[in-house]
Every structure is written in C-alpha cells, then in structure tokens.
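Q: Can you build the whole structure from these sequences, using the hints too?
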Amino acid sequence: MRGFLLSLLRVSAIGRNTFTELVRQKVFFFLLIFALVVIGNSSFLARFSFQEEFQMLKDVALGAMSVFLSLLAILATANLLPRDLEDRTIFTILSKPVPRHEYLLGKLLGVVLLLTLSTVVMGGLFLTVLLLREQGVLNETRQAFTGTPGELAVALDQVRSAAFGPDLLPAMAIQLVKSVLLASLTLLISTFATSGIFAILVAASAYLIGHLQSTAREFWMAGVGIHWWTRIFAALVALVFPDLQAFNLTDDIVAGTPLPHGLFLQTVALGAVYSVVYLAVACFLFQEREL
Amino acid sequence: MIALARPLRLMAALAMIAAVGALLLPWQASLLSLARAARYRTAPLDLSLREQVGQSGFLAALSGFRSPLAAFLWIEAHSAWEKTEWGRMQGLFETVTTLQPHTLLYWDIAAWHMAWNASAAVLQDTRQKSPVLRERARRQYVDLGRRLIEDGIRNNPDSSLLWERLGILLRDKLEDHAAAADAFGKAASLPGAAPYVHRMAAYEEARTPGRERLAYGHLRSIYLDEPAMHTPRMLSRLRDLEHRLNLPPAECIPDPSLPASR
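Residue numbers (our numbering), protein chains in the order written: chain G, 559 to 849; chain C, 8 to 269.
Calculated directly from the structure, the hints in this document are not laboratory data.
It is possible that part of the hints are untrue.
To spell it out: a stretch of chain C is covered by chain G in this simulated footprint if at least three of its residues, at any positions, have a beta carbon under 8 Å from a beta carbon of chain G; those stretches are [said to hold, decoys possible]: (1) 29–41; (2) 67–73; (3) 109–120; (4) 138–150.
Some but not every residue of chain G turned toward chain C, in silico, with C-beta under 10 Å [as the list claims (entries may be wrong)]: (5) Phe-588; (6) Glu-610; (7) Asp-617; (8) Phe-722; (9) Gly-723; (10) Gln-803; (11) Pro-818; (12) Leu-821; (13) Thr-825.
All values reported here derive from a predicted model rather than from experimental measurement.
For glycine and all other residues, C-beta sits at the position ideal for the given N, C-alpha and C.
A: If you want it as structure tokens, here you go:
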C-alpha cells in the first residue's frame, strides 16, 4: 500500500512538472486564436437568422476545439521524450528510484492535465459566447414581439432550444477523450522515434489512417470481390490503428441528434481502453530502450 | 521482463497492438451499429462527396470536420444568395446536406431558397424573354425545393418540421391541397409538432374535394376543444363546410355567436 502511494506521488510529481514545463512553452497562445475564432465568428454570423447563427457558431467552435486539442495532443507529447533526452533531464529522473513506466505515466498525466484545462477553457469560452448571443436574441425577440404571452413563450423556447443543447457537454468530453487517446498513441510512437519531428509525422499519419479504420474494417469484414492483398492491407489497418471515427460524434450532436447514454459511455470506455493499451505498449518498448 | 533486441521488441509491440485490435473488433462493430441505430455516423463518405467537396474538403470530412466544413459552405451559399447565383447555391446546398444530413435547418432553408426565392427570381428575370420558359424555370426550382425537403424527410423521417414545410410548399407553391393535408397530418402526428399543425391539416382537408366531411369533423373538434380557436377564420371555415355539406341546424356548431346556419 505504501509502495503504491509512493508510486502515485512520484507519478503526480512528474505529471506536475510536465504540465508546468508545457505551460512555460506558451502553448496556451492557441487559446487566444480560439477566442478570436469564436468571438469573430459570432459577430460575423449576426447577419444570419438566429438558428443559422447558433448552428454555425456550434459547428465552428466545436470544430476548432477538435483541431486545437488534436494538434496540442500530438505536438505537446511528441517532444516530451526527445527534449528530456536532449537536455539530459531524463537521466536525472531515472537515476532516482523511479521506474520507467512511472516516468511515462507521469509524462502522460501532465499532457492529460494540459488537455483537460484546455478543454475547460475553450468550452467555457464557447458556452459564454453562445449564452451571450442567446441572451441578445432573447432580448430582441421580447422587444419586437407583439403577440400573446403564450406565443411569446413558444418563440423564446425556440430560441433557447436552437442555442444550447444538453449534449454539447458530452460532445466536448468525447473530444477530450479522443485527444487523450492521441496523446497516448504519440507517447508510444515517441518511445521508439529517433526525433520529435519523426514522432509528429507518424502520429499525424496514424491520425489520418485512424479515421479510415472503420472503413477498412468494414471492407475487410465484407471481403467480397477484393484481392487477397487488399484484404490483408485492410485487416492490418483495422487491427493496428485505432477507430478514430468512433469519436466523431460531434457532427451529429451539433445537428441535434440526441446522444444515447450507452453510446456516450461506450465511446468514452473505448477511448480509455485504447489509451491504456498504448501506454502499456509504450512502457514495454521504453523498458529496455538504451538512453 | 524478457530482454529482446530492438527490432524484435518493436515487432512484439506491433503484435500486441494487433492482438488487442482483434479483441476490440466485435466491440467496435457493435458500437458502430449502436451509433447508426441512434442516427450517428450515417453520413456517406464516398466518391460522390469527394467530387462535391474536392480533395481537401474530403480529407477534412474524413478527419471528423464535417460540421465545420458544412458551416463554411453554408456561408458560401449565403454569399451566392446575395449575388443571386441560384445554380451555385443549388450545388452548395446539395453538398451541405450531404455532409450534414441530420441538420434540419439546412434542408429547411435550402428548400425555401429554391422553392420561394429562386423560383420567384427566375419568373421575374427579364433576360429571359419567353414567359413560357420563365414559368418552366420557376416550376423547376419549386420541384427542386420539394425534392430537397423530401430528401430531408428520407434522412429524418421523424421530423415534424420537415413534414410541415412540405405541407406549406404543397399548399402555397403547388396548390395540391390533398397532399398538403396529408403532410400536415403526418407532421401533427410526430413528436415535437407545432401546436397549430393539426389545424393546418384540417384547413387543407376543407379545401380538398371529397374530404369535406372529414374536415368538418376535425375542425369541429378543434373548435369545441380549444376555446382560443373561436377565430373568425375558423368560424368562417366551419360555416362554409356546414353549407357545403348541407347540414341541418341541429348538427351545426351550437355557438350562439355564430351567424345562423343557412
């Protein structure tokens, strides 16, 4: 028990340091760009009908969140090991009684903290802009309306339902899970990568191929009228790469499709399984890597 | 842990990932089925979309950016509208609705642009000298609007809004009152229907030859159940139907505020 607690303390110390290190690299500047995208987009869209305005605000903000989180997950993680090797920090850490798997777990924890904070800040900013625009449209509707109180209530309900949907929060949570998966995958790649750039390129390729995994899987499973080598290639893609399309539920959530709890929970669980597996394989590879 | 040479270790890692991938396959397949049953992940990502959005757009759609891409194309369609480029708008609307087939707003507004704005604009287009060809173009845009709404309904069969919009188009642009009554009736039967849709169905039934008895029954029950509906329009429709059905005074609406039945 005491050993487990000590292990937790070591992992959290490495996680905190990694997080601080990433923050010092001014990675949060991207939040400024996100703010510009959301606020600029919001003021530009004011000339559309309120349904179009809210629809596009949600589309663009959640799309931008997805881009930034994916980029952050790959770029922040890919350089962790090469930089520690370059400035020799890794030798200082591993010369202490810190097992290598704890070192990797701590590194991932730092990135997860960064991704979580980024999701909270971007989500908060997006919801604030959405709420402000919703209040603006509600006030305009109240001032312009001349019908009965019942009709006004119906109109206001329409504005509210067009603006905020309860599934926006699970949508952001799924984006966070996807980015953690990407961070874990990038960490795995960086355990055998020879440089940060190599890790970034491989992780970006895995990101693209991962979005085709479900297509390859269906192609492989159906397997009718295709060459054997195509089938083997599809099988390899289906087995080796994560199914990233499974995490692309935001498009349909923004369209107003209700998100069943089972689907949400299973998607989160799938992301967690992938992340744990990639971390475990990363530990396996890193265990005997010559530093 | 067994010490392995680096290439062997990499191969072993790949084998581990593939083994876990094999174990996850049934789960991934069931998750996909669950998602499709909930109308998630149903948008087609095929060659026709590739031709519509180009290579970069297709890559963006594949990478999970269908909704932002649709939003940008929608803004482009809006700019095309400001320049009254109806043909370009049509192409953009088809791409947007292919990318986001479950966003009702896109079907609704795209159909409205085609059936109302484009059809009216081509009818007044003085560059086309022939009134016959102008009328033909008008009809084509109305049909296009109808097709968009019907495609929207095929993708969203439970949408009361789209059935209602189809009813409005059939009523106002095609004057097919029987079909409009059916569309409004379907809209009224679906969850989330606007409270006025069942009245619209009854009004259209009243305008359909042969359905007067049915229409009278519906309007009468609305009149009796909803005191707020004692409007001049409702009363005049009821009175007209009583006249057309030649109802005896005892069967007419027993409201003293109504003029005497003829």
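Q: Hint by hint, say whether it matches the structure.
A: Hints and how they fare:
| no. | hint | verdict |
| --- | --- | --- |
| 1 | 29–41 | holds (count 9) |
| 2 | 67–73 | holds (count 5) |
| 3 | 109–120 | holds (count 5) |
| 4 | 138–150 | violated (count 0) |
| 5 | Phe-588 | violated (16 Å) |
| 6 | Glu-610 | holds (7 Å) |
| 7 | Asp-617 | holds (4 Å) |
| 8 | Phe-722 | violated (15 Å) |
| 9 | Gly-723 | violated (12 Å) |
| 10 | Gln-803 | holds (7 Å) |
| 11 | Pro-818 | holds (5 Å) |
| 12 | Leu-821 | holds (5 Å) |
| 13 | Thr-825 | holds (7 Å) |
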